[in-house]
Structures are given as structure tokens and as C-alpha cells.
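Chemist: Letter by letter, the chains look like this.
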Amino acid sequence: MTELVDPEAPVRTVPAATPPPRPPTKIGSVLRTTLLVAGAVVFLFPFYYMLLGSLQAEPDPSPSALLPTGNLTLDNYRQIDESLNLLQSLANSGIFTGGVILGTVVFGVLAGYALARLHFRGRGSLFAMVLLIQVVPFQLLIIPLYVMVVRTYGLADNHLGIILPYAINTTAVFVFRQFFLQLPDDLFSAARIDGAGELRILWSVALPLVRPALLTAVLLTFIGPWNEFLWPFLITKDPDMQPLAVSLANYISTISGEAANPYGAILAGACVLAAPAIALFVVFQRHFTSTDLGSGVKG
Amino acid sequence: MSVPNERATRSRLTALLGRQPIGGLLVAPYVIFIVAVFAYPLGLAVWMSFHDYFFTAPGVPVDRPFVGLDNYVAVLKDPAVRQAFGNIAIFLLVNVPLTVVTALLLASGLNRAVRGLTFLRVAYFIPYVTASVAVVGVWLYMFTTNGLVNEVLGPVAPDPSWLVNESLVMPNIAVFVAWKQLGFFVLLYLAALQNVPKELYEAASVDGASRLWSFRAVTVPGVRPATVLVVILATITGANLFTEPYLLTGGGGPNGASTSPVLLMYQRGIEQGNPDTAAAIGVLLVLGVGLLALANRRFVRGD
Numbered sequence: 001m002t003e004l005v006d007p008e009a010p011v012r013t014v015p016a017a018t019p020p021p022r023p024p025t026k027i028g029s030v031l032r033t034t035l036l037v038a039g040a041v042v043f044l045f046p047f048y049y050m051l052l053g054s055l056q057a058e059p060d061p062s063p064s065a066l067l068p069t070g071n072l073t074l075d076n077y078r079q080i081d082e083s084l085n086l087l088q089s090l091a092n093s094g095i096f097t098g099g100v101i102l103g104t105v106v107f108g109v110l111a112g113y114a115l116a117r118l119h120f121r122g123r124g125s126l127f128a129m130v131l132l133i134q135v136v137p138f139q140l141l142i143i144p145l146y147v148m149v150v151r152t153y154g155l156a157d158n159h160l161g162i163i164l165p166y167a168i169n170t171t172a173v174f175v176f177r178q179f180f181l182q183l184p185d186d187l188f189s190a191a192r193i194d195g196a197g198e199l200r201i202l203w204s205v206a207l208p209l210v211r212p213a214l215l216t217a218v219l220l221t222f223i224g225p226w227n228e229f230l231w232p233f234l235i236t237k238d239p240d241m242q243p244l245a246v247s248l249a250n251y252i253s254t255i256s257g258e259a260a261n262p263y264g265a266i267l268a269g270a271c272v273l274a275a276p277a278i279a280l281f282v283v284f285q286r287h288f289t290s291t292d293l294g295s296g297v298k299g
Numbered sequence: 001m002s003v004p005n006e007r008a009t010r011s012r013l014t015a016l017l018g019r020q021p022i023g024g025l026l027v028a029p030y031v032i033f034i035v036a037v038f039a040y041p042l043g044l045a046v047w048m049s050f051h052d053y054f055f056t057a058p059g060v061p062v063d064r065p066f067v068g069l070d071n072y073v074a075v076l077k078d079p080a081v082r083q084a085f086g087n088i089a090i091f092l093l094v095n096v097p098l099t100v101v102t103a104l105l106l107a108s109g110l111n112r113a114v115r116g117l118t119f120l121r122v123a124y125f126i127p128y129v130t131a132s133v134a135v136v137g138v139w140l141y142m143f144t145t146n147g148l149v150n151e152v153l154g155p156v157a158p159d160p161s162w163l164v165n166e167s168l169v170m171p172n173i174a175v176f177v178a179w180k181q182l183g184f185f186v187l188l189y190l191a192a193l194q195n196v197p198k199e200l201y202e203a204a205s206v207d208g209a210s211r212l213w214s215f216r217a218v219t220v221p222g223v224r225p226a227t228v229l230v231v232i233l234a235t236i237t238g239a240n241l242f243t244e245p246y247l248l249t250g251g252g253g254p255n256g257a258s259t260s261p262v263l264l265m266y267q268r269g270i271e272q273g274n275p276d277t278a279a280a281i282g283v284l285l286v287l288g289v290g291l292l293a294l295a296n297r298r299f300v301r302g303d
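In the order they appear, the protein sequences are chains B and P. Going left to right, the first sequence walks through residues 1 to 299 as our numbering numbers them. Going left to right, the second sequence walks through residues 1 to 303 as our numbering numbers them.
Simulated from the structure, these hints should not be mistaken for lab results. Errors might be hidden in some of the hints.
Residues from chain P shown here face chain B by an in silico Cβ test under 7 Å; the list is partial [said to hold, decoys possible]:
hint, residue
1, Phe50
2, His51
3, Pro61
4, Pro171
Pair ranges (Cβ atoms, derived) [what the hints assert, rightly or not]:
hint, chain 1, residue 1, chain 2, residue 2, range
5, P, Val35, B, Leu102, 44 to 54 Å
6, B, Leu66, P, Gly109, 54 to 64 Å
7, P, Thr145, B, Pro68, 42 to 52 Å
8, P, Gly253, B, Val41, 41 to 51 Å
9, P, Val46, B, Glu82, 28 to 38 Å
10, B, Ser64, P, Pro160, 17 to 27 Å
11, P, Arg19, B, Ala128, 18 to 28 Å
Here the structure is a predicted model, which means the values were calculated and not measured. A virtual CB, placed ideally from N, CA and C, is assigned to each residue, including glycine.
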């Protein structure tokens, strides 16, 4: 359990970890580990199958093809690149995701800091509103947002229009607030007595201490826009503007029939779309901690 | 927080604006964002659902008369809408219990496992961080008529196959979404398990309770607030279902058996140009989710 707690993180409200309630019996422990590992293998199997399918020259759904002996090729990647210009799509995904992360880190940190550490008029009602937003399903808003962004402001097929509804991630604001709250009060009193202004305190005192939280929030924010389908799908019709999730979805639903090996090409695109998010998660997995996410959701 | 050493002359200003009025400035961009992207569209959605609203070129003044409940009546009379809400009910009946039970069992297993914890954590969380569009691709490949799953099942493979079978398609999508989202709910339960006092387990153990009994008598009640949250979040996820029916079943097939309300909102509102009807579907959907959330709080907390 100790691995769940980030050693670099500042003070936490949740106690680090409870030891196992009682010493587990050997047989029980072996059985549990076996079941957990078996479950994990089942969970990961579709990803293995995705990679395998993306490399098959001919689709081969037979169980014997699970351990490939031949029939492997990189042609599917070339095929999907020809059909939807992977680099352009990846760049669009990157701009969408980068814009959201930038907006969240700049404005979300300011808001999280103010909500946690500054007393100003309207703080309580703002925080109540932030809580309320968490329960309004985004899907209710797609029609009015579509009307506003596409019809009123003419931002269809525009990076700004794609980014706009996601520009500041509210969950990240929660995480920032939570981390600023956990810093000791004395730190802030001392800095104020020394005459530091509020912005100076944020920049020189608070921010350096919550750097691990920044990384957590950036990672959390990344998977939203990178994986988002519905909104960019609604407002981009120009293939040169579509993020990869949208262009791949269009490929799945309409044009895959033209390819020699449609499943191979789809799965090659799926691997390209999945790889960055999975790689980031595996590299930084210890930053996705239950306490961080829990505090983010529970506010 | 800070030492209350403000001078008396400044105290009235402080009372009006707060001790650090600069905070108002720091949250201003976020407040503007909330108003523009949540509050105003929310109001617009409700307004549209009570008016005869249609798309026009920007800046063209048109009359959009108030029509009362007409949009709602039209929506409720529409068999496709009723079917879509029924589909979501099937989805939730399969997805929510499956999610709650598997997530809690996995979390309590992981809570005790020490060896290989990192690998296990990564394994269960990877589907959650992956784009739906990507995993939909492999799900299609696995569950197509001649796909791996049916090859393995051989003679007991369903006919018609999973994604073109009216009674199997929604449960199949519900399992897909449960698999995809489970890692997140496991994390929520792991956090909740930290807060169950271990003295309770010791007491149960002293009383001679079996492990199964202490799970039932200590763990399940101990994580009840987390269960409320998991059920509500899983319900919201289900109500927002769009990508899966759009891509897995070619837009809600067979015969509308996998159409979701959001898919219908897209078809009615944007493809067919009736944003007022779509807004009414959206309002009904949110009301339904709200009622389910309230009922769930009562049900889970109140026994």
C-alpha cells in the first residue's frame, strides 16, 4: 500500500496507509494474488490484441493466431497514415490537449490558490458553484454550446472553438485547491509578515511546494482532451482540423471498407491514439494516487 | 490564517471585499469561463426546450415563439426517445451493479496485496486512460460475427452475433463501459478503504468472524459513502453514453436497440436540425439522472 502514496507530495489529510487488518494466511495470500493477476491479464488482453491485430497482414481471429508465428507487417500503419494523415491528426490532438493544459495550469492554479488561501467576497458561493458544475452532465450542454460556438461565433473547424469548453478543467481546480489547503498556515503568515504580496507568495512559496500536484493535475487533464470524441467531432468537419480520435472514428464508421485489411488499419490507428496516454500513465503512474483523485472528486 | 492585524480604518473595506480582495481578481478568469461555458449554456438549453428554436445564419433576427411544453410532449410521444431511455435503463441495470461489485472486490484485494502492486495498479487503470475510440476498435474486432470471441465460443456463439443482436447489444456495451471505467472506481474505493478503522476488523476477528463475514459487516458499511459516489458517477457516465453506440453499432443499431439519449440528441439536434427537441431530451435526461442520484442516496444511506 505504501506505493500508493507519493513520497514527494506535501502533507496529506488522509493517513498514509493502513497495514493489512490481520496477517493474511499463506494460502489466502497466494490465492488472492493469483486471482488479481489473472484479472489483470484479462483486463490487459484487449490491448495485446490491439497491438497484435495492428501487425497482422491478414485479419486472423482464430485463437491459434494469438501467439503469432508469421503474418506480421507494418503495412497497416502505412495504410492508416495514407488514409488520415496521422501527423496532422496527432498535431491537432496535441494543440487541443496543449491548449487545455495551458489554460488549466495558468487559470486553474490561480483559481485553486484563491479558493484555498485567500479570503475575498464571494469565495463561498463560487466554491458551491464549482461543486454544482461537477454534477451537470456536459452532454446537456452540447446543443447550446454547439449553437454558441458554431452558429453564433463561427468557430467551427477552429482550434479555439475545440479548446473553449475544456479550457479550464474543474477537477484540476479541485486538486489544486486541495493541495494548497494542505500547506501549513504558518508558511503563509510568515511570508505575509515578511511583506510578500499575495502573487509573490503564490509564485515563490506555494507553487514550488505543490510541484508534484501540478504534475498530477497535468496528467489528469491530459487524458480528457486527448481522448475526447463527441465535442471535437461535432465542430470539426475539415479533416485537416480533426484530432486523431475524431479522424479515426470517422475512418471506423465510414471509410474503413476501402482498405485491404480494415481491422488492421483501424487497430494501427488505435495503437497510435492509445500510445501517448498509456506511456505517460505508465511513466508517471505513481502520481495517479488514490488520495489525489479522491480529494479531487470529493472536493 | 493570517494574523488579524489590519488597522481599524481598513476594517470596513475588509468587511466588504474580504481580507485579500486580490483573490477576486485571481478567480476572475475561471468565473468568466464558468459563466460562458456552463451557466449561460445551461440556461440556453432550458430556454430552447420551451421555444421553437431552429438554426439560422449568425445575426439574422428571427422569431422564436414560446411553445410551452410542446417540445416535451413531442419528445415523450416519440417511440425512438422512449426506446433510447429504455436502452439506458438496461445499460444501467447491467453496468452499475457490475461496476460496484467488481470495483469493491478488486479494491479490497489490492488493498491487501503487497507484491506486484505497481503492475496490478497499472493493469487495472490502463483502460481508463485510453481513448474510447481506440478501444472500440479492438472491441469491434473481438466481438464481430467471425471475431475471436465467437471463434472461442464455437457452437455456443450467439446468433445473431453480440453487436447485431437486439437483446445482447446493450449488455455488451454495458460490460465494455464497466471494463473501461473500472480503474477509476477502484481508485475511489482504495481511498475509501484507507478510512475504514482497522480496529473494526480486529474486533470482528476477535469475535471470530470469518473473512467473508468481516467483508460484509465491516468493509461494505465502511465504504458506503464511496458506494454512493460510485453509483452516482457510474449513472452519469451511463447517461452520457454516446461514443460506444455511435461506433460499435453503426449509430444505435440493430433497430435502435442500442440508441442512447445523447446519440438521439445528436441525430435530432444537429443532423436533423431540431435543437429545441434535442434540448428537451437533454433536460429530461438530466432530470432522470438527478432523480436516480437522489434515490440512490436515500437507498444506500438509509437502510
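Chemist: Now look at each hint and say whether the structure bears it out.
Modeler: Hints versus structure:
no.: 1; hint: Phe50; result: violated (13 Å)
no.: 2; hint: His51; result: violated (12 Å)
no.: 3; hint: Pro61; result: violated (13 Å)
no.: 4; hint: Pro171; result: violated (18 Å)
no.: 5; hint: P:Val35 with B:Leu102: 44 to 54 Å; result: violated (21 Å)
no.: 6; hint: B:Leu66 with P:Gly109: 54 to 64 Å; result: violated (27 Å)
no.: 7; hint: P:Thr145 with B:Pro68: 42 to 52 Å; result: violated (23 Å)
no.: 8; hint: P:Gly253 with B:Val41: 41 to 51 Å; result: violated (32 Å)
no.: 9; hint: P:Val46 with B:Glu82: 28 to 38 Å; result: violated (46 Å)
no.: 10; hint: B:Ser64 with P:Pro160: 17 to 27 Å; result: holds (25 Å)
no.: 11; hint: P:Arg19 with B:Ala128: 18 to 28 Å; result: holds (20 Å)
Violated hints for the displayed structure, listed by number in ascending order: 1, 2, 3, 4, 5, 6, 7, 8 and 9.
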